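Okay, here's what each chain looks like letter by letter:
There are 2 protein chains.
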Amino acid sequence: MPQEFYYEDFYVGQKFHSLGQAKVTAEEIKEFGNKYDPQPFHLDEAAGENSFFKGLAASGWLTAAIVMRLRVQSITVAGGMIGAGVEEMRWTEPVRPGDSLRTEIEVVGVRQSNSRKEYGVVRTRTLAFNQRDQVVLRSTVNFLAPVRPTA
Amino acid sequence: MPQEFYYEDFYVGQKFHSLGQAKVTAEEIKEFGNKYDPQPFHLDEAAGENSFFKGLAASGWLTAAIVMRLRVQSITVAGGMIGAGVEEMRWTEPVRPGDSLRTEIEVVGVRQSNSRKEYGVVRTRTLAFNQRDQVVLRSTVNFLAPVRPTA
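In order, the protein sequence lines correspond to chains A and B. Those letters in the first sequence? Residues 1 to 151, by the UniProt record's numbering. Those letters in the second sequence? Residues 1 to 151, by the UniProt record's numbering.
Check each hint, because a few of them may be wrong.
Treat identical chains as interchangeable: a pair holds within one or across any two.
What the hints assert, rightly or not - Listed next, the in silico DSSO-like pairs over lysine-lysine satisfying Cα-Cα at most 27 Å (straight line):
1. K54 / K117
2. K117 / K15
3. K30 / K15
4. K35 / K15
I should point out that these hints are in silico values taken from the structure, not numbers from a laboratory. Remember, predicted model here, so these are calculated numbers, not experimental data.
With the sequences and hints as input, model every part of the structure.
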């Protein structure tokens with residue numbers, strides 16, 4: 001596998017597994033909740049117990065951010081992974097303190113960019129699993145990858 | 001307008017504006033980049049100059065997280081705003097240090113939940129603007145709202 005991926009290196013059916021697992025802590029859940037999603041069930045164990053989530057749970061946007069880190073670590077795009085939109089994202093199980101997350105990514109589409117000739121658009125399906133192999137997030141996300149320069 | 005919104009309080013065409021603006025700093029961009037999207041253009045001004053973004057730019061997931069905070073501040077759902085999936089999200093302009101973001105939300109769908117009788121699903125279209133009134137993010141996101149309890 002190449003060190004840095006260009007558009008031409010991606011193909012439908014290609015799979016990438018996260019290099020490691022991301023451990024989620026109560027501290028991270030509360031810190032992110034305080035900053036970006038200040039709702040009781042993301043801030044406090046007792047308040048979480050009396051909520052929809054029946055306990056402290058990560059903001060879905062924290063889960064999405066952790067998944068982005070796992071994606072960036074597992075796919076090295078030349079020049080960086082430039083997001084080109086989310087087609088769908090679902091949070092299918094709560095993420096709890098102590099959970100360890102991993103991702104499986106599959107390329108489901110590759111096409112030349114209409115607006116940027118020097119880029120292609122890679123569409124990926126991502127599944128994020130917890131340590132019990134439950135899917136906690138699934139998404140279809142696009143990113144740009146540069147066309148390999150001719151030497 | 002009610003203090004806490006139940007399912008019955010939402011209707012198609014209803015609009016919510018963010019209460020204030022969210023100022024984005026270089027520190028926040030770098031801190032979030034370090035934690036969740038460790039790519040040069042989210043970490044360092046000089047590296048950003050030589051990238052797709054031509055300068056330091058916020059991770060799209062930071063923008064999405066800030067938009068979540070603005071959403072939570074502008075719509076108070078009884079029991080909390082429980083995410084029920086993203087239908088689409090697009091990052092349409094880079095977010096830079098010093099930008100101030102605000103949101104406009106429109107309800108585009110309301111329906112009873114199929115799987116949870118005590119909840120409805122509210123579909124919202126969100127536009128996030130910078131201080132130059134450029135759209136930096138647009139999304140279609142669903143959340144749950146509880147059916148009003150009968151007294």
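Going down the list of hints, with the structure as the test:
1. K54 / K117: between (50 Å within a copy, 18 Å between copies)
2. K117 / K15: Answer is within; shortest intra-copy Cα gap is 25 Å, inter-copy 38 Å.
3. K30 / K15: neither (33 Å within a copy, 29 Å between copies)
4. K35 / K15: Result: close only across copies, 24 Å inter versus 34 Å intra.
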